[in-house]
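Peer 1: The lines below spell out each chain.
Number of protein chains: 2
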Amino acid sequence: MWRLYQFPLCPFSRKVRLLLGEKGVAYDLIRESPWEGQDAFLDLNPAGQTPVMVEEEKGVVLIDSQAICEYFEETVEKLPLINGSAAGRAEVRRLTAWADQIFYRDVVAPLLEERMKKRLVHRAPPDGGRLREAMRNANTHMDYMDYLLDHRSWLAGGTMSLADIAVAAQLSVADYLGGIDWAGHEPVKRWYSALKSRPSFRPLLSERMEVIMPPDYYEKPDF
Amino acid sequence: MWRLYQFPLCPFSRKVRLLLGEKGVAYDLIRESPWEGQDAFLDLNPAGQTPVMVEEEKGVVLIDSQAICEYFEETVEKLPLINGSAAGRAEVRRLTAWADQIFYRDVVAPLLEERMKKRLVHRAPPDGGRLREAMRNANTHMDYMDYLLDHRSWLAGGTMSLADIAVAAQLSVADYLGGIDWAGHEPVKRWYSALKSRPSFRPLLSERMEVIMPPDYYEKPDF
Ligand SMILES: N[C@@H](CCC(=O)N[C@@H](CS)C(=O)NCC(=O)O)C(=O)O
Ligand SMILES: N[C@@H](CCC(=O)N[C@@H](CS)C(=O)NCC(=O)O)C(=O)O
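Going down the list, the sequences are from chains X and L.
Adding 51 to a residue's 1-based position in the first sequence gives its number in our numbering.
Adding 51 to a residue's 1-based position in the second sequence gives its number in our numbering.
Source of the hints: derived by calculation from the structure; they are not laboratory data.
There may be inaccurate statements among the hints.
The following residues of chain L were derived to be distant from chain X, with all beta-carbon distances above 12 Å [claimed, not checked]:
1. Glu73
2. Glu106
3. His192
4. Val262
5. Met264
Label pairs and their in silico Cβ distance ranges [unchecked claim]:
6. Gly209(X) / Glu261(L): 40 to 50 Å
7. Val112(L) / Pro238(X): 16 to 26 Å
8. Ala137(L) / Ala138(X): 39 to 49 Å
9. Asp79(X) / Asp94(L): 41 to 51 Å
10. Ala160(L) / Pro97(X): 18 to 28 Å
11. Lys129(X) / Glu258(L): 44 to 54 Å
12. Asp94(L) / Arg249(X): 26 to 36 Å
13. Gly180(X) / Ala160(L): 18 to 28 Å
The beta carbon of each residue, even a glycine, is placed where N, CA and C say it ideally should be.
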């Protein structure tokens, strides 16, 4: 059985879990807080980051959400998620990288720092200026998503792909942390509502991270 | 004909160029300085980053070095570089992400900021403390590479792969900027010397970035 080392608000672990859910791969969850820098975890992943996936019987350790997703895309035929022509697959990977790197850097990383780490680790109040900047960035990035969704049914084209999963994973963490203002983003709202209704998304939405509580509407597909 | 938008010290563009060189794909270089935020470039890539590859006749625009490398890996059969079993390919992608994200974040990004951007853009002196920290990080990361190369011929296993290319691309930029102390890293030195001798590497090593000059030994395969 696969084991996934993660914590409930790690967006990269959510990306992996959504892909595994869509593909019907079973796994156990192991709770890991990478900021604690536990020796046993650093032995597993020298980069010290979640997610890590382990299948002990096969002797396989997978590290980095994209490497993990590509692995299951290659080994599980059900529902291709890096799909289409070579240029189409490049577009899926471009937007996946955009979610993992740009949206994460501008929105999710500062929200996690200010609203989760400062609370759980540093016991310090959040920096209001940084929170407002993250929310402004979210708004700009959602304008770009609105633009894409005005031209396409899904973010990378005509079918659901890893790009939708990666962006929804980041967005769901930002939403949990109160960083998303949905007003004026109808296309993104409709798209996200469809994703939230999928069985792969339900378990993620029902989990909570210790003392940090999401907004009331967070779990509702209709919000 | 493919066109590659890049600048000489962009490590992600070097990664793409090394892969294209190994695979024998021809391309033209277009000089782009992403920090200038030119409108025409932002229209091409909303993320505002190099590298971008364009093939006008085919109407194809490729963005993000990993998406670009996966595209040419899928479309050009010559010399597979994301190679081996599914688990082997995951190891190639793990180390490629380690180069692109961890080595870049800890070593190359601060060196580019302090030694290139401060000189060309801000006209400010570099921060000595940040430079020393980047060099210490380089040393730690090269210890990890020494360890891998004590157990394997190439970074991800028995054959050369995209992992070697991605790490060499980052390392070569750090070396250009005087951030690498080679003493005590014999395994990495031997490995890098072999890569430097490859025809794909030669054009990169002979290019210069305006007023910024590399150390004397920078181009020599034997250093
Ligand atoms: N490229 C990695 C990024 C993973 C990542 O940044 N994970 C965060 C948690 S959300 C982490 O472990 N941060 C701790 C650290 O970077 O030291 C992936 O896609 O898996
Ligand atoms: N994930 C991207 C990263 C590219 C990247 O960070 N490029 C740098 C130049 S080395 C850049 O354009 N930075 C400008 C910016 O991020 O605004 C890739 O692999 O292509």
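Peer 1: A separate judgement is required for each hint: does it hold in the structure or not?
Peer 2: Results for each hint:
1. Glu73: holds, 18 Å
2. Glu106: violated, 9 Å
3. His192: Histidine 192(L) not clear of chain X: closest Cβ-Cβ about 9 Å, inside 12 Å.
4. Val262: holds, 30 Å
5. Met264: The assertion about methionine 264(L) holds, with a minimum of 31 Å to chain X.
6. Gly209(X) / Glu261(L): 40 to 50 Å: holds, 45 Å
7. Val112(L) / Pro238(X): 16 to 26 Å: For proline 238(X) against valine 112(L), whose Cβ atoms are near 22 Å apart, the range 16 to 26 Å holds.
8. Ala137(L) / Ala138(X): 39 to 49 Å: violated, 24 Å
9. Asp79(X) / Asp94(L): 41 to 51 Å: Taking Cβ atoms as reference, aspartate 79(X) and aspartate 94(L) lie about 46 Å apart, which means the hint holds.
10. Ala160(L) / Pro97(X): 18 to 28 Å: Since the Cβ atoms of alanine 160(L) and proline 97(X) sit about 19 Å apart, the hinted range of 18 to 28 Å holds.
11. Lys129(X) / Glu258(L): 44 to 54 Å: holds, 46 Å
12. Asp94(L) / Arg249(X): 26 to 36 Å: holds, 34 Å
13. Gly180(X) / Ala160(L): 18 to 28 Å: holds, 23 Å
This entry does not satisfy hints 2, 3 and 8, going by the numbered hints stated previously.
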